[in-house]
Amino acid sequence: MEDVQGRSDNRQIAIDKVGIKDIRHPVRVRDRTGHDQHTVATFSMYVNLPQHFKGTHMSRFVSILEGHDREITVESFHEMLAEMTHRLEAESGHIEMSFPYFVNKRAPVSGVESLMDYEAAFIGEMHADRHETWVRVAVPVTTLCPCSKQISERGAHNQRSQVVVTALADGFVWLEELIELVEAEGSCELYGLLKRPDEKHVTERAYDNPKFVEDVVRDIAVRLNDDARIAAYRITSENYESIHNHSAFALIEHDKRAAE
220 MEDVQGRSDN RQIAIDKVGI KDIRHPVRVR DRTGHDQHTV ATFSMYVNLP
270 QHFKGTHMSR FVSILEGHDR EITVESFHEM LAEMTHRLEA ESGHIEMSFP
320 YFVNKRAPVS GVESLMDYEA AFIGEMHADR HETWVRVAVP VTTLCPCSKQ
370 ISERGAHNQR SQVVVTALAD GFVWLEELIE LVEAEGSCEL YGLLKRPDEK
420 HVTERAYDNP KFVEDVVRDI AVRLNDDARI AAYRITSENY ESIHNHSAFA
470 LIEHDKRAAE
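Mapping the sequence shown onto this note's numbering, position 16 (from 1) lands on 235, and the numbers just tick up by one.
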């Protein structure tokens, strides 16, 4: 049968990314305890398309996923990126694998254990012979408004905040390390299960540690700047305000390599 996608195209317009989006597949991720977490990831896979080709071969993306057993690991994720660009005869490729990641946490006073879930992702980019893998993690924290605390006679308003860190590492970095770094820079971290003594502790911890959204991203940036393994990063923080009908938002991007 004729390869329609392989026909020439006379519009002389290249496409930066073409492929498949939001396909789910089993994955296996090693956590810091030495155990494997079996979960389901959502994949988006793209390649560039030169101007002289009419289309790409969409079925090959799915075939590449299916070719890596039933579960994909971090190691096979890297292999998939190279395989995808080669099989689709592309100069550049992009794979994003996002998945829920679980960490067992102990409540600060009672010590009761519960699981916290975080949305994590590996993002692979390949351009010619250059290959990069970014790690992204979304971490919910509590923030308490310094201004509200300063002007109020009783209490202060707080909110849940979503902090997202996307980092390019020269060395190995555990997801747990990024999660703990972010949690340490909120007013207080979140837990899946708290007893009453724990609730007292986290409420008072937040009150004693007020932070604006600007403080959160700056404090995280300081920590990442001091980590020699981190080559570049992007930090966002969104406060889902409890007394306003809007969110507060801040973003910092920095590429340490540009300063070298």
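Source of the hints: derived by calculation from the structure; they are not laboratory data. Hints are not guaranteed to be accurate.
SDA-like cross-link-like pairs, simulated, lysine to any residue; straight-line CA separation at most 20 Å [what the hints assert, rightly or not]:
1. Lys368 / Ala467
2. Lys236 / His276
3. Lys240 / Gly330
4. Lys324 / Lys240
5. Lys236 / Ala309
6. Lys240 / Lys368
7. Lys240 / Thr352
8. Lys240 / Ser278
9. Lys414 / Glu338
10. Lys324 / Leu400
11. Lys419 / Val392
12. Lys240 / Glu285
13. Lys236 / Glu310
Pair ranges (Cβ atoms, derived) [as the list claims (entries may be wrong)]:
14. Lys236 / Leu334: 18 to 24 Å
15. Ala477 / Ala301: 24 to 30 Å
16. Val293 / Pro327: 28 to 34 Å
Beta carbons are placed, not taken as given, at the ideal position from N, Cα and C, and that holds for glycine.
Do the hints match the structure? See the list:
{"no.": "1", "hint": "Lys368 / Ala467", "verdict": "holds (17 Å)"}
{"no.": "2", "hint": "Lys236 / His276", "verdict": "holds (13 Å)"}
{"no.": "3", "hint": "Lys240 / Gly330", "verdict": "violated (41 Å)"}
{"no.": "4", "hint": "Lys324 / Lys240", "verdict": "violated (33 Å)"}
{"no.": "5", "hint": "Lys236 / Ala309", "verdict": "holds (10 Å)"}
{"no.": "6", "hint": "Lys240 / Lys368", "verdict": "violated (45 Å)"}
{"no.": "7", "hint": "Lys240 / Thr352", "verdict": "holds (18 Å)"}
{"no.": "8", "hint": "Lys240 / Ser278", "verdict": "holds (12 Å)"}
{"no.": "9", "hint": "Lys414 / Glu338", "verdict": "violated (25 Å)"}
{"no.": "10", "hint": "Lys324 / Leu400", "verdict": "holds (15 Å)"}
{"no.": "11", "hint": "Lys419 / Val392", "verdict": "violated (33 Å)"}
{"no.": "12", "hint": "Lys240 / Glu285", "verdict": "holds (15 Å)"}
{"no.": "13", "hint": "Lys236 / Glu310", "verdict": "holds (11 Å)"}
{"no.": "14", "hint": "Lys236 / Leu334: 18 to 24 Å", "verdict": "violated (35 Å)"}
{"no.": "15", "hint": "Ala477 / Ala301: 24 to 30 Å", "verdict": "holds (26 Å)"}
{"no.": "16", "hint": "Val293 / Pro327: 28 to 34 Å", "verdict": "holds (31 Å)"}
Going through the hint list in order, the structure does not satisfy hints 3, 4, 6, 9, 11, 14.
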